[in-house]
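> Join the two chains, each given in its own frame, into one complex according to the hints.
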Amino acid sequence: MLIFQGGLKSDASPSEMQANMGKWMAWVEKLSKDGKYVSGEPLLPGGKLVSGPASVTDGPYTEGKEVIGGYFIINASSIDEAVVECRQYPDFDFGGQVQVRPVMAMDM
Amino acid sequence: MGPSIHKTVDHLFRHESGRMIAVLSKLLGLQQLHMAQDIVQDTLLQAMTTWPFSGLPDNPAGWLHRVARNKAVDILRKAKTFKHLQPELQHLLQSEYTLSSTVQQCFEEEEIMDSQLRMMFACCHPSIPVEAQMALILKTLCGLGTAEIAKAFLKEEETIAKRIYRAKEKIRSEHISLELPGFPKIAHRLTAVLHSLYLLFNEGYNSSLPEHLIREDLCEEAMRLTYLLAKHPATNGPGTHALLALFCFQASRLRARLDDEGNIVLLKYQDRRRWNQPLIQHGNYYLELATQDETSVYHLEAAIAWLHASAPDFEHTNWKAIYHLYSELSRYHPSDILLLNKAIAASYAIGRKSAINELMEIKSLDNYYLYHTAIGEIYFDDGLDEQAKQCFQTALDLTTSPAEQQLLRNKIRACKGTSPG
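Sequence order for the protein chains is F and G. Take the position in the first sequence, starting the count at 1, then add 1; the result is the number in this note's numbering. Take the position in the second sequence, starting the count at 1, then add 2; the result is the number in this note's numbering.
Same shape as in the complex, but just chain G (with noise of 0.2 Å):
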């Protein structure tokens, strides 16, 4: 494929598709969800059986817009009620002389925003279970089909569909529609669309499913939809702008997290050079516009993240802050994998004996193969050579993923009195 081509075509689809739900939803009402989602098929259907045959268009975009459009106006025009409407929408769309360009201007970049912004609230509505929240922004908003979504989570394709259909059937039973809550109520809203947005980076990001450990399209979503939150008055408050810093630290290490083999390096034996330094640029530009009166468990995480990435190597890290910041996060809910990580960040910052204790405290994890290959590597490094490699073991019955498999059978090897192989 000619490169110059494969970047134009590239995501334009999917990004579009996303682009032109929100827009068509406004117009028609999210309770016609579903025909703002033939319209946009039937759109991309039609470049993908003509543009092969005239050429691409000079803005594919643009082109798509316009048969968009085109297929909107006439749905419109035969549409008789326009139920649950925004209502200056609703008197625009009834008269012929106002119907083209009213649908012309909601396909304008600023409207075409507002509507993605307005899509995301709807998808993140209370009533809609967290699960079912992910694969609609998934659907609506990324222009991922359902077999795709269902790979990025490693679920049943069926699965998938139900949870899609629940939320749709939602949508419609709690006459759900495309308005941006008010003040206060944004607020709370905007914590829910927020949290979404943090489980779908990390549902992208986390190395506890076998396969395609890293599944960069869902992190990269995750940060385009809450870029467009930043870039909002509505919504670019702080948390906002932490959880953004947070992606974009976290996000700079993508590469360097797998080696060419498709291997875990450890943030210990990364090549820091591979890191993303723009990527944290970014990121440190918005830790500083979250930096305020008003502080979330987002601030802390990224800070954590900024710790990180800022550290010259991983023995000048400041453990000590880290070590502090998850304590302050576990405060904030207290959950086992937390009190996990702070233990490991106790073992630089304070000592391997305290590290272990805090390990032994944890009940919950016994399942989880990082509980044991953190107290595998503390044994190892204070030359505990068998336990460690008990430890190693014990994980490795824990994880099927092929890449984690290999790291600890590397770990495994390291460990005194094991014949090699």
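If we strip away everything but chain F, and leave its shape as in the complex, we get (with noise of 0.2 Å):
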């Protein structure tokens, strides 16, 4: 599972994000391809903590950098493949960072 992080310029010009935005779709083109995509959701900024059934916070992660913007989950055989595949992540030159992580796989 790769979980973006960070990376989304509020105040990017047009053509920026229609470059960035170019970048993303060549990306997700070049990992289908390969048969690497499995899926991926965006998330909405915002959200709750609930830290106890009377605790409930804003957050986490609703600043800038913090923000996950989304995750796609992929097919890679180690998670150093995973990291190779990171590279073409668009979003590094706008401070975004990846978190890869291995989902257990759970054979029935």
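To be clear, the hints were calculated from the coordinates, so they are not data collected in a lab. It cannot be assumed that every hint is accurate.
[Claimed, not checked] Okay, derived cross-link-like pairs now, DSSO-like style, lysine-lysine, Cα gap no bigger than 27 Å in a straight line: (1) G:Lys-164 x G:Lys-153; (2) G:Lys-170 x G:Lys-80; (3) G:Lys-153 x G:Lys-172; (4) F:Lys-10 x G:Lys-170; (5) F:Lys-24 x G:Lys-418; (6) G:Lys-322 x G:Lys-365; (7) G:Lys-170 x G:Lys-153; (8) F:Lys-10 x G:Lys-73; (9) G:Lys-172 x G:Lys-157; (10) G:Lys-418 x G:Lys-355; (11) G:Lys-153 x F:Lys-10; (12) G:Lys-270 x G:Lys-418; (13) F:Lys-31 x F:Lys-49; (14) G:Lys-322 x G:Lys-355; (15) G:Lys-73 x G:Lys-170; (16) F:Lys-49 x G:Lys-73; (17) F:Lys-10 x G:Lys-157; (18) G:Lys-270 x G:Lys-322; (19) G:Lys-164 x F:Lys-10.
[Stated by the list, open to error] Covered by chain G, according to a simulated footprint, are these stretches of chain F (three or more residues, beta-carbon under 8 Å): (20) 11–17; (21) 20–27; (22) 41–55.
All C-beta atoms, glycine included, are put in the ideal place defined by N, C-alpha and C.
Below is the structure:
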């Protein structure tokens, strides 16, 4: 699982956004073509943190760098391979980061 | 990047941003330009955060319009006052029954064009300085960011931000709205719009600025907006057509003006097969439309560009006609740059001696590299290599553009008595 954190520049110009979008699309296209792309979802900003039945606060991760924009699930034989796939992540230039997490395969 | 995706997304954000800002400014009133810009920004951000996951929508522009429309409806529903709006629109937007459908209608193709046209006139309002007009056009109608505009004009970002800020101040203080001026006022206002577009194109085309010698984007935008004017019955007069013809002819040579290394190729040495014939034909078409009673400077300039575009080669160019047209032009508004061009034409149309005489009479261009280049050229053709070399050297010291410098170094090297290297 690739979790995308930060990188969204809200004052980017239309062409900057367009260029960035092109890179994202190309990346997804490549992952799909290689049979690696499984699924992905965008996350809306904001959310709640529930730390107890009566303890509900805004957040977490509502500020800039911490915002999680979404995730991809990809096929990779190892975590290193997944890391290699992240090279094409388009938002490094904007200070974005990718958390790479292995999803446990549940064989029933 | 896959070619298919690149093609779909290419320019989409920029152009749709300009179109949506125009429509939203009509809906919210130009005084709320800021709000219109925010809605568009939010819309594009939304596309950026979802499309990578959902895939490109079948109709990306329609997707953007729908999101922007919904945001506008939300804002309009909450808004209590609709000051500065066209009265009929004001009425329709106040009723819940007609709100959504009215907003939707404003996003129809014809209405979008109409809004863009109104926006052009607002940006070129006489109370806004011309430099700020161009910046405002690029920001609102062409979807360029402040940093990009600054880069295109080779100015500090802060300078451009200030220009845009002042233009917006004028919109507020002069209560500029998106009204199309009525007849006969529109003729005068159209002149200002055409002038601003002319400058915008030249800014992209001119070679007086270092690096990025030809900034095609600016040329393209100026052409796109002029094309809109040419399509609208209120603005498609001879002047508009002549300007569009001029742009087409000039743009047809864009690709031939620089070689693969980014060096300038002079008209004389351009590979005419690289000129864009469809654009030249477009130019012919608009020049024909422009040929009516009224003549403008754009007519004269377009005619000159046409003579170049239709000449089989440099030697067989109708230099006499070009010289005559420059003479006419310099009567319209005498400027030393025009006289310089006229003198260059004279060297082919009449002779090098009279060209040199004309050049010597120009007093104010001593710091302009092309002036010295032109004199050097004539000396060179006359076999006066030593004098030619001096002129080229003076020109070389005056230009900061690497492409121009390279060209001049080549010329100096071609002079006799110059050691190679």
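> Does F:Lys-10 sit within 27 Å of G:Lys-164, going by the straight-line distance between their CA atoms?
holds (22 Å)
> Quick one, are G:Lys-322 and G:Lys-355 close enough, alpha carbons at most 27 Å?
holds (15 Å)
> Given the hint that G:Lys-164 pairs with G:Lys-153, does the C-alpha gap stay at or below 27 Å?
Given pair G:Lys-164, G:Lys-153 holds - Cα atoms ~15 Å apart, limit 27 Å.
> For G:Lys-418 and G:Lys-355, compute the direct alpha-carbon distance and say whether it is at most 27 Å.
Roughly 21 Å separates the two Cα atoms, so the pair holds.
> Would the pair F:Lys-24 and G:Lys-418 pass a check requiring their Cα atoms to be no farther apart than 27 Å?
Roughly 53 Å between the alpha carbons, so the hint for F:Lys-24 and G:Lys-418 is violated.
> Quick one, are F:Lys-10 and G:Lys-170 close enough, alpha carbons at most 27 Å?
Holds, at roughly 24 Å.
> Would you check the hint for G:Lys-170 and G:Lys-153, treating anything up to 27 Å between C-alpha atoms as holding?
holds (21 Å)
> Holds or violated: the stretch 11–17 of chain F covered by chain G, criterion of 3 or more residues with Cβ-Cβ distance under 8 Å?
holds (count 7)
> Assess, step by step, whether the Cα of G:Lys-170 is no farther than 27 Å from the Cα of G:Lys-80, and give holds or violated.
The given pair, whose Cα atoms are some 24 Å apart, holds under the 27 Å limit.
> Is it true that the CA of G:Lys-172 sits at most 27 Å from the CA of G:Lys-157?
Holds. G:Lys-172 to G:Lys-157 sits at ~22 Å (cutoff 27 Å).
> Between the alpha carbons of G:Lys-270 and G:Lys-418, is the straight-line distance 27 Å or under?
At roughly 21 Å apart (the allowed maximum being 27 Å), G:Lys-418 and G:Lys-270 satisfy the hint.
> Hinted pair, alpha-carbon criterion (27 Å max): G:Lys-322, G:Lys-365. Please report holds or violated.
Judged against 27 Å, a Cα distance of about 24 Å means the pair holds.
Taken one by one, the earlier hints fail for this structure at numbers 5 and 13, listed in ascending order.
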